[in-house]
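Make one complex out of these two single chains by using the hints.
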Amino acid sequence: MARLSVDLCGLKMKNPTMLASGVLDETGRSMVEIAGAGAGAVVTKSIGKEPRPGHSNPCVVELEFGLINAMGLPNPGMGEYAGEVRTARAAGVPVIGSVFGGTEEEFSELARSMQEAGADAVELNLSCPHAEGYGSEIGSDPDRVEAICRSAKRAVSVPVFAKLTPNTHSIAELARAAERGGADAVVAINTLKAMAISPEARMPILGNRFGGLSGPAIRPVGVRCVYEIYEAVEIPVIGVGGIRSGRDALEYIMAGASAVQIGTALWTEGPGVFKKVCQELLEFMDANGFSSVGDMVGVAHTGRA
Amino acid sequence: MFTVVENRPETRTSKTMLFEQALGASPGQFVMVWVPGVDEFPMSVSYAGDAAGITYKVVGEGTRALARMEKGDMVGIRGPYGRGFELNGTSLLIVAGGLGMAPLALLVERACEKGLAVEAVIGARSADELLFVERAARAGAKVHIATDDGSRGFKGLATELAGRLVARSRFDSVYACGPERMIAGLLAMEGIAHLPVQASLERLMKCGIGICDSCAIDGKHVCRDGPVFSEKDLRAFADLGRTRLDPSGRRIPV
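Each protein sequence line maps, in turn, to chains A and B. In short: position in the first sequence from 1, add 1182, done, that's my numbering. Number 77 in my numbering belongs to position 94 of the second sequence; there are no gaps in the numbering.
Just to be clear, a hint being listed does not mean it is correct.
Stated by the list, open to error - Heads up, simulated SDA-like pairs for lysine to any residue below, C-alpha to C-alpha not over 25 Å straight-line:
hint : chain 1 : residue 1 : chain 2 : residue 2
1    : B       : Lys203    : A       : Arg1268
2    : A       : Lys1375   : B       : Lys138
3    : B       : Lys203    : A       : Pro1235
4    : B       : Lys40     : B       : Ser74
5    : A       : Lys1375   : B       : Asp22
6    : B       : Lys203    : A       : Ala1219
7    : A       : Lys1194   : A       : Glu1288
8    : A       : Lys1194   : A       : Lys1335
9    : A       : Lys1458   : B       : Lys40
10   : B       : Lys215    : A       : Thr1269
11   : B       : Lys203    : A       : Ser1427
12   : A       : Lys1458   : B       : Arg147
13   : B       : Lys203    : A       : Gly1220
14   : A       : Lys1375   : A       : Val1338
15   : A       : Lys1194   : A       : Glu1298
16   : B       : Lys203    : A       : Thr1269
17   : B       : Lys54     : A       : Ser1427
18   : B       : Lys54     : A       : Pro1386
19   : A       : Lys1194   : A       : Lys1457
20   : B       : Lys215    : A       : Gly1454
21   : A       : Lys1457   : B       : Asp22
22   : B       : Lys215    : B       : Ser231
23   : A       : Lys1231   : B       : Lys215
24   : B       : Lys203    : A       : Ala1272
In short, the hints are calculated from the structure, not lab data.
Next comes chain B alone, as it looks inside the complex (with noise of 0.2 Å):
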C-alpha cells in the first residue's frame, strides 16, 4: 500500500494527495485506489516519479473518504494503467476542462521539458475551480483561461477558447481532457478538423486491467485501450458524447 505524505487543498472543489512511493506513470495514465473498506476508484495521475500523487474531486463517499485521510495513512494503488499521451510535434494545444487539467499538467511539463511550445487553454466553472494555472505556467506553457461564469478570463466553454486560438495559430497536435461533452464538442468544431487530437476519456470502471467491459465504448475499452485515444478512434466511437454503462450495464446517457 502507498503511504500518504500530503493531502492539501488544490482549488475550492478539489485536492491533491501525494505518496511517499514513486509511481513511474506516464502523463494520461491512472491509477485504482482503495480506500480500505469504503471503495476503490480510478484517478489520473497528476504527480509522476519520486513525488507522486492524484488530483481528485470531492464527488461521493469513495472521495470523501479519501479527502479526510492524513498524513501517514494508507491508500490501496493498483497501476499505473492504460495508455497516456504522445507527444507527437512542435507545437501543442492543451485544452483542460475542471479536473481534466490533473492529468494535463503532467503533460504540459513534459512537453516544457522537452523544449516544445505549448498553449493550454484552461476552462472551469469559475476562477476559484480552475485547476494547475500557475504550474503551467511555471513551466513555461502560454496559458490562457475561461470560465463559464466569466470570473476570470474568457467567459464561456473551453472548447470555444480553444476554437480561436486555432483559428489564429498553427498548432502541430491537440491533447485535451474533460468532461465526455466536451471532448465530443471539441471534435464537432471545424477547425479541429485537420488535426491530430488525443483525448482523455472517463467512463464507469471496475477492474482496470481489461475484463469486466463496464468502461467499453463501441467495443474498445478506456482501461486498456484508453484512456488516451487518438481521433481516429474518437470520431468512430458512436458511443461518444452519447452513452455510457451504469454498475449493472444499462446503456444510460452521458
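Isolated chain A (complex conformation) (with noise of 0.2 Å):
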C-alpha cells in the first residue's frame, strides 16, 4: 500500500496536507482540533510585532466559487501568541508559524521569536493583498524578497517558507529571488486580489473594499504558478489555493507541489476535508501504482514533446 508521508525539509509529515495560514489558526486549541482532524501540519495565524484589530465587518464575501476575504492580519502580537504556539505543539504535527512584518529586522526578529515559541518551521507572509505597508505590498518586489528570506534565514536555525503572491507579473521570479535569499521552500500562492460591489448599496460589501480571493476559482492560477515555480527553482514547492479533493491535490502535486495547504476548504467542508484529501490520494496512488507522494511530485512536466 502506498504511503503518504512525508520529509517537508526536515519536517517529519504522516501526510503531505498542512492547514493554510489564516484558517482557524488564532487559537492553539483550534489548531489541535485540526490536526485532530488529519491535517500533516499547521500553519498559524499570520503574526506581527504588536496586536492588531483587523479590517471593520465585512470582512469575508461568499461567492459560488470562493470567498473574498479582508481580515487585515489581525492578530495579538508576538508576544501574547507564544502561549498559543505552545498549545498548538500538543498536537504532535509540524507547527509552522507564520510572521509579517514591514521591514527585513521586523521578519527576522518575528522569526526568532517564533522558533523560540517552538515552531518546527517559519513561513514567511510575502503575500497579504490587503494589508497596507505589508504583504505583497513588499512581496511583489523581488529584491526586498531576496533580503527577507536574507534576514529571516540568519535569525533562525529551523527551515524558513517564503509564501508568494500571485498578484504579479512573474511569480516564478519571487520564487528565484527566495531561493536566492536562501528560502528553504517556496508557498504558493496567496490569495489574488479581489473586490465584490453590491448592487443596492451601490458599494463594495468588504469593509477594507479590497479583499483576496482563495477557493475552487483561483485552483486554475495556484496550478499554473506551481507550476512555473517548480522550473524554476531547486528548492521545494508547498502548493495552495482551491484544493478541496484528492484530485485537486494531486494537481497541485503532479504541478511540482512536495506538500499542500487547505484553507477555504474548511468553510465548504469542515475539518473532515483533510481526511478526505488524504484517503482519495491513497486511493489514486494505489489504483495508479504510486508509492509515495514523492513519486508524484512534477510529473506533469515530464513526457510532453
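Pasting the structure below:
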C-alpha cells in the first residue's frame, strides 16, 4: 500500500496536507483540533509585533466558487501569541509559524520569536493582498523578497518558507529571489486581490473594500504558478489555492508541489476535508502504482514532446 | 439584500426589525446583518419563516445605524448559520436573560405548537426590558418573571428562579440563552447537574462561517459548532464564563 508520509525540509509529516495560514489558527486549541482531524501540519495565523484588530466587517464575501476575505492581518502580537504556539505543539504535528512585517528587521525578529516559541518552521507572509505596508506590497518586489528571506534565515535555525503572491507579472521571479535569499521552500499561492460590489448598496461589500479571492476559483491559477515555480527553482514548493479533494491536491503535486495547504475548504467541507483529501490521494496512488507522494511530484513536467 | 418592512420598538432598550423576504431558520440560528457602509454583525433570528426578523439592542455604532433604518431600507443578510436548539423530551424549562429571549421565543412557539409543556423563566434588569413575555404566554408557555431590581416578578437572577422551579417540578430538558456568566452560573447549579442543557453562546464573530477563529471556545466555534451547545460541550469548556478573544485575538475576560 502507498505511503502518504513526506519529509519536507526535515519536517516529518504523516501526510502532505497542511492547514493554510489564516484559517482557524488564531488559537492553539483550534490548531490542535485541525491536527486531530487529520492535517499533517498546521500553519499559524500571520503574526506581527503588535496587537492588530484587523479590518472592519464585513470581512468575507461568499461567492459560488470561492471566498473574498479582508481580515486585515488581525493578531494579538507575537508576545501573547507565543502561548498559542506552545498549545498548538500538543497536536503532535509540525507547527509552522507565519509572520508578517514591514521591514527585514521585523521579519527576522518575529522569525526568531516564533522559533523560540517552539515553531518547527517559519513561513514569511510576503503575499497578503489587503494590508497596507505589508504582504504583497513588499512581496511583489524580488529584491525585497530576497533580502527578507536572507535576514530571516540568519535569525533562525529552523526551515524558512516564503509564501508568495500571485498578484505579480512573474511569480517564478519571486521564487528565484526567495531561493537566492536562502529560503528552504516557497509556498504558492496567497489570495488574488479582488473586490465585490453590492448593486443595491452601490458600494464594495468588504469593510476594507479590497480583499483576497481564495477557493476553487483560484485553483487553476495556483496550479499554473506552482508549475512555473517548479521549473524555476530547486527548493521544494508547497501548493495552496482551492484544494478540497484528492484530485485537486494531485494537480498541485503533479505540477511540482511537495506538500499542499488547505484553507478555504474548511468553510465548505469542515475539518473533515483533511482526511477526505488523504483518503482520495491514497486511492489514486494505489490504483495508479505510486508508492509515495514523492514519486508524483512534478510528473506533469515530463512526457511532453 | 433584504428589505425592511418594519423596525419597531420591542422594549425600552430593544427593537425588532422584520423583513420582506422569508428566512427558513430554526430556533437558535443566527444571521450576519450588514448595514452598508457601517458594519456587519451576528444577530439571533427572533422571527422565522415568511415574516422573518431579528430583535436587537442598541449597543454601538452598527446597531445605532440599524435602529435608524425605516420601511423600504435595505440590509445585507448572510445565513441563517449555525446549529440551533433541538427539541428533546416533553417537559421543557426555558431560561432567558435579557436579549437571550430573542431566539428562545421562537423555540417556545415551536415547542408549544408540538404540544410540549413549556415553562419559561424570562429575566431582565428591570420590568421595561423584559422581552417577549406576552408572546411566550400567547404561545402557551407558563411564564415566570425575574428582574434584577424587582420591578416585576421575582427579585433576582433568572438562574435563581430557575433553580426554584427545578427543585419542585420535573423537566426533561433545559434551554438557555443570555449573558455567558448566566450560562456558566446555570450549569454550576446543583439542581441542573442531572438535566440535559442546551445553551446558546455569544462571542465576537467576524466571518460567521467557520474560518476566522474569532469566536473560538476551547477549539470549537460558536458560529459553526454552535451557537447552541449541549451540556457535554458546555461543561468541558474551560473558557466558558472566563475568557474570550478580542478583535486582535487577545484573550480577555468574559
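Output the indices of the hints that this structure fails to meet, ascending. 2, 4, 7, 9, 12, 14, 17, 21, 22 and 23
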